[in-house]
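Produce the entire structure from the sequences given, and follow the hints as far as they go.
Protein chains: 2
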Amino acid sequence: MTVPAPSPVHPAASAPVTLAEVDTPYALLDIATVDRNVARLKERLDRLGVPLRLHAKTAKSVDVLRHVFPDGPGPITASTLAEAEYFADAGYTDIVYAVGIDPHKLPRVAALRDRGVDLTVLLDNTAQAEALAAFARTTGVHVPALVEIDADGHRAGIVPEDPALLAIADALVVEPGTSLLRGVLTHAGESYFCTTYEAQRDAAHAERDAVVTAAERLRAAGHDCPVVSVGSTPTAHAAEDLTGVTEVRAGCYVFFDLVMAGIGVCALEDLALSVVVTVTGHNREKGWILTDGGWMAMSRDRGTAAQEVDQGYGVVLTMTGEVVPDLIMSGASQEHGILTLRPEVGGRDGAGSSDGAGSSAGIGFSDGAATSGGVPGETPEIPVGTRLRILPNHACATAGAHPRYCVVAGEEPGSALAAAAENTPVHAVWERLNHW
Amino acid sequence: MTVPAPSPVHPAASAPVTLAEVDTPYALLDIATVDRNVARLKERLDRLGVPLRLHAKTAKSVDVLRHVFPDGPGPITASTLAEAEYFADAGYTDIVYAVGIDPHKLPRVAALRDRGVDLTVLLDNTAQAEALAAFARTTGVHVPALVEIDADGHRAGIVPEDPALLAIADALVVEPGTSLLRGVLTHAGESYFCTTYEAQRDAAHAERDAVVTAAERLRAAGHDCPVVSVGSTPTAHAAEDLTGVTEVRAGCYVFFDLVMAGIGVCALEDLALSVVVTVTGHNREKGWILTDGGWMAMSRDRGTAAQEVDQGYGVVLTMTGEVVPDLIMSGASQEHGILTLRPEVGGRDGAGSSDGAGSSAGIGFSDGAATSGGVPGETPEIPVGTRLRILPNHACATAGAHPRYCVVAGEEPGSALAAAAENTPVHAVWERLNHW
Chain Y
1 MTVPAPSPVH PAASAPVTLA EVDTPYALLD IATVDRNVAR LKERLDRLGV PLRLHAKTAK
61 SVDVLRHVFP DGPGPITAST LAEAEYFADA GYTDIVYAVG IDPHKLPRVA ALRDRGVDLT
121 VLLDNTAQAE ALAAFARTTG VHVPALVEID ADGHRAGIVP EDPALLAIAD ALVVEPGTSL
181 LRGVLTHAGE SYFCTTYEAQ RDAAHAERDA VVTAAERLRA AGHDCPVVSV GSTPTAHAAE
241 DLTGVTEVRA GCYVFFDLVM AGIGVCALED LALSVVVTVT GHNREKGWIL TDGGWMAMSR
301 DRGTAAQEVD QGYGVVLTMT GEVVPDLIMS GASQEHGILT LRPEVGGRDG AGSSDGAGSS
361 AGIGFSDGAA TSGGVPGETP EIPVGTRLRI LPNHACATAG AHPRYCVVAG EEPGSALAAA
421 AENTPVHAVW ERLNHW
Chain W
1 MTVPAPSPVH PAASAPVTLA EVDTPYALLD IATVDRNVAR LKERLDRLGV PLRLHAKTAK
61 SVDVLRHVFP DGPGPITAST LAEAEYFADA GYTDIVYAVG IDPHKLPRVA ALRDRGVDLT
121 VLLDNTAQAE ALAAFARTTG VHVPALVEID ADGHRAGIVP EDPALLAIAD ALVVEPGTSL
181 LRGVLTHAGE SYFCTTYEAQ RDAAHAERDA VVTAAERLRA AGHDCPVVSV GSTPTAHAAE
241 DLTGVTEVRA GCYVFFDLVM AGIGVCALED LALSVVVTVT GHNREKGWIL TDGGWMAMSR
301 DRGTAAQEVD QGYGVVLTMT GEVVPDLIMS GASQEHGILT LRPEVGGRDG AGSSDGAGSS
361 AGIGFSDGAA TSGGVPGETP EIPVGTRLRI LPNHACATAG AHPRYCVVAG EEPGSALAAA
421 AENTPVHAVW ERLNHW
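Going line by line, the protein sequences match chains Y and W. full-length UniProt numbering applies: residue 1 is where the first sequence begins, and numbers increase by one. full-length UniProt numbering applies: residue 1 is where the second sequence begins, and numbers increase by one.
Hints may contain errors.
[As the list claims (entries may be wrong)] 16 Å max Cα-Cα, derived EDC-like pairs, lysine to aspartate or glutamate:
| # | chain 1 | residue 1 | chain 2 | residue 2 |
| --- | --- | --- | --- | --- |
| 1 | Y | K105 | W | D23 |
| 2 | Y | K42 | Y | E240 |
| 3 | W | K286 | W | D150 |
| 4 | W | K42 | W | E247 |
| 5 | Y | K105 | W | E381 |
| 6 | Y | K286 | W | D162 |
| 7 | Y | K42 | Y | E247 |
| 8 | W | K105 | Y | E21 |
| 9 | Y | K286 | Y | E240 |
| 10 | W | K286 | Y | D162 |
| 11 | Y | K105 | Y | E85 |
| 12 | Y | K286 | W | D150 |
| 13 | W | K105 | Y | E247 |
| 14 | W | K286 | Y | D150 |
No lab work stands behind these hints: they were computed from the structure.
Written as structure tokens, this is what we have:
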């Protein structure tokens, strides 16, 4: 893989030189781990012969995407029009906006197409299709569309056998011989709850079958259907046969997270993103370590609550990347974190939630075995001022809490951090896009 | 109350003129409701004879704060140094940074004090106090400190009787006769879980007793202790006697939210903040309405999950402010929302979570009675393209998901929305601060 040109350090006069100079909480990104994650999926998809359409919603950073597309902009998926606009500014011209289109947004879509961006939208009902066709007739701007197929009851879309499929395709005909239909797309969202490789592989093949079946129905009815798009991080890493599929979408895998580790798609050492926090105090009676990183920095995501091992708001590492045995971030208020031992190994009081935000209700720690091999015991003594890293449940949500990534680099994943901890040089500060 | 000068509409060339011109999802703020909430607490605190130190962490907007301090900047609380810097730029000079101080941040604190901002920090251990005193001796910058008192086991702080209280005060002595100690502060965070006025009042008095006891211990030991600070939105609205207290902190009350409504501190019509979303599709078999507002727009906060009535990710209103009977936002992925009837009145399938973020585990809908008086029945037919408003669980978290507020104004709370729905004029677009 071609090594991309290093991005410049953030141009602010006070650009940090080492991690010690960055105020906590901040998002830390180990780019060697990103590179390894990117190479792993690339190798898989090369073997399957299906190209990647990266989902940009996790990283939302031109600098991160340079590590996915070292030879220049490639095909991407966006979750908002702001993302599409941001990446268009950076030269990306092949974009699928993969959230069901709100007809109010068509002028903004048209403005992107006017700039030369081949922006495709997503829909799953005739009201949207009719709005698109009417817009084409009124403005002359033809916005191509994918029909969303429901592979597993997860969210949006229609099942492949739904009579509405052909009605939507018909509604996309602007005039005889001119259709806005470009293909079909599905997302196997339920694969996030598949806990074995076999189940993830079966989900991948069900995802493929759903969308290929829909494409075949459309073609049998005389419609062109060039795009057959699937994707989720678990299915992308488990599919063994993608016959009939023209592209795979995935995004979370660039950073990975505890939810993905919890279902075995990656290991803890594959997590490229963490949040650096500082110890500010202790409640020794309760076994609590307090930090300056709360839910504003981690997000409120509690994705591992549904898994065998509930990781609270995240797993605690030292700055050099070692797991602190059985210490997790079990409580969060806006700008405070509470670290405790896992309840089953001596945590005396699940810290739960603060600020009345009440995900205390959601923090029912599992009885699953601790993953980190610690023995029951006392909360480790970690002095005020110590910095720690918290691995997040859900990379998309935690990254979305931050305006930028503080990037470290080394030859091997984790090597920059293992080498020098707080004095690690800051390789770069990369801004990311947020909001709409 | 003096009416503040209207803030200018956002200077962007494309500043929206009516709500119909703003792309969803966006944060909508009804400023007449803010004014009523502000007046209500002001009246209470005037009667108690204790001044307000507004917590700015909810609004994080100079424009909103103008409605709290119409005569110019007043005393505020900040949850981050970025907030302190932002409000200092706007002329606020009396700021308490109310998250336990990380000693690494003292240079940034000193820079604010050098600018003439009387910034006070918070601490609860001798390590922090020694770092402050050492900083004063080394740099000559005397950073005043409040000792955090634990009133209810909620989070940080020491109990009033803790021997460490006097040790911390001693450690704050820079040289004989010169101390950095300015007082004591507590936050009755557990009051968010008090469901009756009487319990909230008792929490307020326990909060007062904790901090007054600590102040008396410090004074008996020969320390000055001019500041005795309490605060939380529930206790601020329930305290009947604050003898010995010198200031009350509250912030959430400016907007209020479903968590506060759920414990009776406010009514639904007092909620000033909502998120506007657009219907993009339906799954009629499951009784789902899909929207373009997911957890990025609402936050992942599930604060009402711990309450008698679980409101999912939020209560659904029409644009004109009527509650849609028993319709709640029960599911969320990054940029999708799922609206369903409450499970107990016909919702066939709790939508739960998507994106593997798994707060599905946290969405165990309560068996409590529905609040909105709906009768069991079918999901209402709401066409694609319809805009709706979602009232949030937790104003701090939901506001923090947005870069700005789209503000509507009317003579009475809600009147601007009740009058004209989507064609309501945009009074202003107010930027807010995020991040650190």
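Hint by hint, here is what the structure shows:
no.	hint	verdict
1	Y:K105 x W:D23	7 Å, holds
2	Y:K42 x Y:E240	14 Å, holds
3	W:K286 x W:D150	47 Å, violated
4	W:K42 x W:E247	12 Å, holds
5	Y:K105 x W:E381	22 Å, violated
6	Y:K286 x W:D162	15 Å, holds
7	Y:K42 x Y:E247	12 Å, holds
8	W:K105 x Y:E21	10 Å, holds
9	Y:K286 x Y:E240	49 Å, violated
10	W:K286 x Y:D162	14 Å, holds
11	Y:K105 x Y:E85	13 Å, holds
12	Y:K286 x W:D150	13 Å, holds
13	W:K105 x Y:E247	48 Å, violated
14	W:K286 x Y:D150	13 Å, holds
The structure is inconsistent with the numbered hints 3, 5, 9, 13, although it conforms to all the rest.
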